[in-house]
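Peer 1: For reference, the chains in residue letters:
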Amino acid sequence: MSTIFNISDKIKLETSPDPFFLLDNYSGAAAAYSLRLLDSTYSGSAVRVRRASDNAEQDIAFANNELDTATLETFASGTNAFVTTWYDQSGNGFDITQTTAFKQPKIVSIGSTITDGTKPSVEFNNAQGLNTTANISNASNYYPFYVRSVAGGSGAYIWDSEIGRVLIERTNNSAYYDQTNSFEGSALTSSYRLIHMELNSTTGGKVYENGVNTQSGLAYAQYPMSSQTALGSRFDVDASYLTGKIQEFILYNTDQSSTRTGIETNINNFYSIY
Amino acid sequence: MAQFPLIDQASLAMIPGAYKESKVYSQLPTDGSGDFTFTRATSATRVNEEGYIEKGYENTLLGSNDWARDDSSYTITGGEAGYDGTNDAWLVNKLAAAYFNKDGLVLAGVMTVSFFAKAGSLDRIFVFIGGDAARFDLTNGEAFSAGGATVSQNIELVSGTTDWYRCSIIINKTGTHNFLIKPQNSSNQDVTGTIYIQDGMLNQGLVAYPYLETTAAPVYGGLQAEQPRLDYKDASCPSVLIEPSRTNFSPHSEYYGTLTTYGSRLSYEQNVAISPENVRNSFKAKVNTGELSGSGAFSGFNSSFSKGDIITISVFLKADEFDEAEIGGFFGSENAKFNLNDGSVISQGTNAINAYSIPFSNNWYRCVVTYTFQDSINNRLLYSGIRVYAVSNGTSLLGDGVKGVLVYGGQIELGSFPTSYTPTYGSTQTRAAETLSNAFSAASTGTISLSLGKLPQPYLTVLGESFEAGTTKNNIAIAYSPTALKISLNGSIVVDATGTYDTSSLSSLQLGHDNGSDQGDNPIKDLIMFNAFLTDTELNALTV
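Those protein sequence lines, which keep their order, are chains A and B.
Using the numbering used here, you'd call the opening residue of the first sequence number 1 and step up by one each time.
Using the numbering used here, you'd call the opening residue of the second sequence number 1 and step up by one each time.
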C-alpha cells in the first residue's frame with residue numbers, strides 16, 4: 001500500500017495490490033477480528049472498551065478504515081482502557097468478549113493507544129483473554145492468519161477451543177494442538193510476525209512466518225471449535241495466557257492455499273511487518 | 001502540454017514546473033499559500049528532460065585552480081590564457097626530474113581526478129596517486145595506464161579549442177594520497193620544460209563531472225539534497241518523485257569490482273560506452289573464451305538478509321555483440337532472463353515475483369526483477385547480479401573474451417518495487433524518504449483532481465471506497481462532501497456513494513506520503529483542487 005495524498009488524516013487516496021479490504025477480496029472467513037476495517041460492507045465498531053477511571057464503556061469505530069484512536073484516547077482520558085468486546089467482522093457474529101475486568105486485555109496505556117510496529121494493538125497480560133461460547137466451526141481444516149508478538153507467558157495460547165480440541169500456537173514449544181495428535185511442531189519466532197497455518201488433515205499441517213514456510217509435514221486431525229473459544233489465552237481464560245500483542249486474527253475453515261500469498265500481502269501491506 | 005479544464009475555478013493548482021531547494025511552487029493560489037515544502041536531506045537522481053539520469057556531484061579538491069607550489073624543482077605561475085577564455089591557466093615550468101604535489105587527496109572508493117592541460121615545450125603529463133599512475137599525451141589526445149591498479153584513464157579535447165585537453169584518472173582507493181604530477185617529453189623522459197594546467201577536480205564516480213571551482217570547501221553541482229525531483233521517466237510531462245527511503249546494497253553500482261569477486265567466466269572493461277547518464281561510464285561484461293555464459297554479483301559481502309526478504313534488483317543493460325542476460329539471485333530460482341534487443345522477459349524463476357524492463361535512451365533497458373530471497377546457500381548472502389549469455393539473435397555461441405553486453409547502474413533494494421537509481425562508489429548508499437506538504441485549507445465540500453501515470457498497484461481506495469486503477473493512465477477526480485462521494489476515473493464515474501464523511505478542518509495536505517511514511521512509486525503529474533462538488537460532466541471533463 002502507498003499513499004498518493006493525505007489531507008489532515010481524513011481524506012487519503014491510497015494504492016493497494018488488491019481491493020483494500022481483505023474480506024472484500026478473500027471472503028468466507030469463519031471469524032475475523034482486527035483493529036482495521038476488513039470488509040467495506042461492515043458497518044459495526046472495531047472494539048468496545050472500558051476505561052479504568054470510572055469503568056464506563058464505549059464502542060470504538062473506524063476512522064478512515066483504521067481504529068479511531070482519536071476517539072479512543074479521548075474516551076480513555078489519560079488513563080488505561082481495556083477491551084471488553086472485539087467485534088467479529090466476518091458477518092458470522094462471533095464477537096469475543098470478557099466481562100471480568102481484570103481479564104480484559106489492554107488497548108490504551110496512560111492515555112496512549114498501544115501499538116505494535118506502527119499500528120494499534122491489543123495487549124494481553126496476566127490471565128487476560130477474550131472468548132465466546134458460540135460454536136464457531138464444525139470439525140474442519142483450519143487456515144488462520146494472524147499478526148502477533150510474544151513477550152512471554154508460560155505455554156501461552158493464541159487461540160483455543162474447548163470441545164474438540166484445537167489450539168493454535170502454544171508459544172513456548174508447539175505450533176498447534178489437536179486432540180488426536182497432541183502438540184505438533186515447534187515453537188514459532190516470538191517477535192512481531194504475520195503467522196499463517198494450514199491445518200489440513202490430508203496434506204498435513206504447515207506453518208508460515210512472514211510468508212515463509214517454516215514447518216510442514218505435521219500431523220493434523222479435524223475437530224470442531226465449539227463450547228468455549230478464546231483469543232489470547234486458554235479457552236477458559238484461567239491459565240496458559242499470552243504475554244504479548246495481537247492486532248488481527250482471521251480464521252478460515254476453507255482451503256486458502258491458493259490465496260495465501262494474496263492474503264499475506266494484503267496484511268503485510270497494511271502492517272509493514274517484513 | 002496537457003489541457004486543464006475548469007482551472008479558472010480552482011482553489012489550488014500544482015502542475016510541476018517551478019521548484020527550488022525545499023520548495024515546489026503551485027500556480028494557484030498566487031499568494032503562496034498553496035506552495036509545497038519538500039524534504040529529503042540526501043542526494044538522489046532523476047531522469048531529466050532529455051531522458052538521461054541526472055546525479056548530484058561534488059568537487060572535493062580544495063583550491064581547485066591554485067597550482068602555485070613552493071617547490072625548488074618547479075616554478076608555477078598563473079595568469080595564462082586558459083581553455084575557457086579566461087586567463088586562469090598556469091604555466092608549469094619543470095626545472096628538475098621530480099614530481100610536484102598538487103595536494104593530499106582524500107579518497108573514498110571509486111573517484112575521478114581530473115584537470116585541464118595543454119602542451120608547452122613538453123607534451124606529456126605523468127600522474128601518480130597512491131601507487132596508481134596514468135600518462136596523457138597532449139599532442140594526439142591519448143591516455144595510457146602507467147602502472148598500479150588504475151581503474152581507467154581518459155583524455156578528451158575541450159570543445160572549442162584545438163590544444164586543451166581534459167585528463168582524467170579513475171582510481172579505487174581510500175585514505176589520503178598525494179596528487180603527484182610531472183611533465184614529460186614524447187619519449188616519456190623526465191627532461192625540463194613546460195606545460196599548461198588549469199582547474200583540477202576530484203569527484204566520486206567513473207567520469208569527471210562538469211568543473212566546479214573550489215577554494216576552502218567542497219562545492220556541489222547537479223541534483224542536490226533537498227532539491228525536489230521532476231522526473232521524466234515515463235512521459236514528456238514531468239511527475240514529482242516522492243519516494244520511500246531505500247538503500248542500494250550494491251557497494252559498486254557502476255564499477256565492476258564486486259562482480260569479479262562473486263562471479264566467474266566473465267571479464268570486464270570499464271568506461272567503454274555511453275551510459276543512460278549520457279557519459280562514458282558503463283562497462284562491458286564479456287563472456288570468457290569457450291564459455292556459454294558467465295556471471296557476477298553486485299551484492300557484495302552484505303550478509304544481513306533473511307530468507308523471505310523481498311528483494312528488487314535492477315540493472316541497466318544494453319545489447320552489444322550478445323543480447324541475452326539474466327539478473328537476480330544465482331540460486332533459488334530468483335532470477336529472470338531478458339532479451340536486450342527489445343527488453344522483453346524470456347523466462348523467470350519460480351521465486352521471481354515480478355520481472356520487466358523500462359526502456360531508456362540509446363537502447364538501454366533498466367531490467368528489474370523482484371524476488372523472494374530463498375537463502376539457498378544458508379549464509380544470508382544474496383549472490384544477486386547478472387549472468388550474460390553468449391547468445392546473439394537467438395543463436396547460442398561461445399564466448400571469446402571480447403564479445404558481451406553493456407552494463408551500468410546495478411541496484412539492490414529491500415522492497416517490492418525499484419526506486420530511482422542511487423549510485424554507489426564503494427559502500428552502500430541510502431536515499432532518505434521524501435515528503436511534500438503544505439498547510440493549504442481545503443473546503444469541507446470540494447473536488448480533488450489528479451493526473452497520475454501508470455500505477456504499480458492496481459487498486460485505489462479513498463474514504464472507504466475501492467476502485468480498480470487504469471492500466472496506462474489514472475486521471476482521477478474526487479468530489480466529496482460530508483454526505484457524498486463521487487469519483488471519476490479516466491472520463492467515467494466509477495464511485496457514486498453516500499455516507500457520513502468527516503471533511504471538516506482540512507488544513508494539512510501531504511502529497512505522496514502519509515505523515516512521512518507510505519511513499520510509493522506513484523508518478524504525480526498534477527494536483528488541482530476546487531471548493532465545489534463538481535457535476536458529473538465536470539468531473540469527467542477533468543479526467544478524460
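Calculated directly from the structure, the hints in this document are not laboratory data.
Any given hint might turn out to be false.
As the list claims (entries may be wrong) - With a Cα cut of at most 27 Å, we get these calculated DSS-like pairs of lysine-lysine: (1) Lys23/B - Lys103/A; (2) Lys307/B - Lys12/A; (3) Lys473/B - Lys454/B; (4) Lys23/B - Lys233/B; (5) Lys173/B - Lys10/A; (6) Lys12/A - Lys103/A; (7) Lys119/A - Lys10/A; (8) Lys10/A - Lys307/B; (9) Lys307/B - Lys119/A; (10) Lys106/A - Lys119/A; (11) Lys103/A - Lys119/A; (12) Lys473/B - Lys173/B; (13) Lys20/B - Lys119/A; (14) Lys403/B - Lys233/B; (15) Lys10/A - Lys233/B; (16) Lys454/B - Lys23/B; (17) Lys454/B - Lys10/A; (18) Lys233/B - Lys20/B.
Unchecked claim - Computed Cβ-Cβ distance ranges for the label pairs, DEER-style: (19) Asp234/B - Asn125/A: 29 to 37 Å; (20) Pro29/B - Gly78/A: 37 to 45 Å; (21) Thr535/B - Ala151/A: 31 to 39 Å.
Even glycine gets a Cβ: it sits at the ideal position worked out from N, Cα and C.
Peer 1: So, for every hint listed, does it hold in this structure?
Peer 2: Status of each hint after checking the structure:
The suggested pairing of Lys23/B with Lys103/A is violated, with an alpha-carbon distance near 53 Å, which exceeds 27 Å. The suggested pairing of Lys307/B with Lys12/A is violated, with an alpha-carbon distance near 33 Å, which exceeds 27 Å. Our distance criterion of 27 Å between C-alpha atoms is met by Lys473/B and Lys454/B, whose separation comes to about 5 Å. The suggested pairing of Lys23/B with Lys233/B holds, with an alpha-carbon distance near 21 Å, which does not exceed 27 Å.
Between Lys173/B and Lys10/A the CA atoms are separated by roughly 52 Å; this puts the pair beyond 27 Å, and the hint is violated. Distance restraint check for Lys12/A and Lys103/A: the Cα-Cα separation of roughly 37 Å exceeds the 27 Å cut-off, and the hinted pair is therefore not satisfied. A distance of roughly 17 Å separates the Cα atoms of Lys119/A and Lys10/A; the hinted pair therefore holds under the 27 Å criterion. For the given pair, Lys10/A sits about 37 Å from Lys307/B by alpha-carbon distance, which is inconsistent with the 27 Å threshold.
The hinted pair formed by Lys307/B and Lys119/A meets the criterion: a straight-line CA distance of about 25 Å does not exceed 27 Å. For the hint pairing Lys106/A with Lys119/A, the CA-to-CA distance comes to about 15 Å; that is within 27 Å, so the pair holds. Taking the CA atoms of Lys103/A and Lys119/A, the gap is near 23 Å; set against the 27 Å cutoff, the hint holds. For a cut-off of 27 Å, the pair hint linking Lys473/B to Lys173/B is broken: about 46 Å separates their Cα positions.
A hinted pair counts as satisfied when its Cα atoms are at most 27 Å apart, and Lys20/B with Lys119/A does not qualify at roughly 35 Å. The hinted pair formed by Lys403/B and Lys233/B fails the criterion: a straight-line CA distance of about 30 Å is larger than 27 Å. For a cut-off of 27 Å, the pair hint linking Lys10/A to Lys233/B is broken: about 31 Å separates their Cα positions. At roughly 25 Å between alpha-carbon atoms, Lys454/B and Lys23/B fall within 27 Å of each other, so this suggested pair holds.
The suggested pairing of Lys454/B with Lys10/A holds, with an alpha-carbon distance near 25 Å, which does not exceed 27 Å. For the proposed pair Lys233/B and Lys20/B, the alpha carbon gap of about 20 Å is at most 27 Å, so the pair holds. For the pair Asp234/B and Asn125/A, the supplied restraint of 29 to 37 Å is violated, since their beta-carbon distance comes to about 51 Å. A beta carbon spacing of about 40 Å between Pro29/B and Gly78/A agrees with the range 37 to 45 Å that was offered as a hint.
In this structure, Thr535/B and Ala151/A break the distance hint of 31 to 39 Å, their C-beta atoms being roughly 55 Å apart.
The structure fails hints 1, 2, 5, 6, 8, 12, 13, 14, 15, 19 and 21 (numbered hints given earlier, in ascending order).
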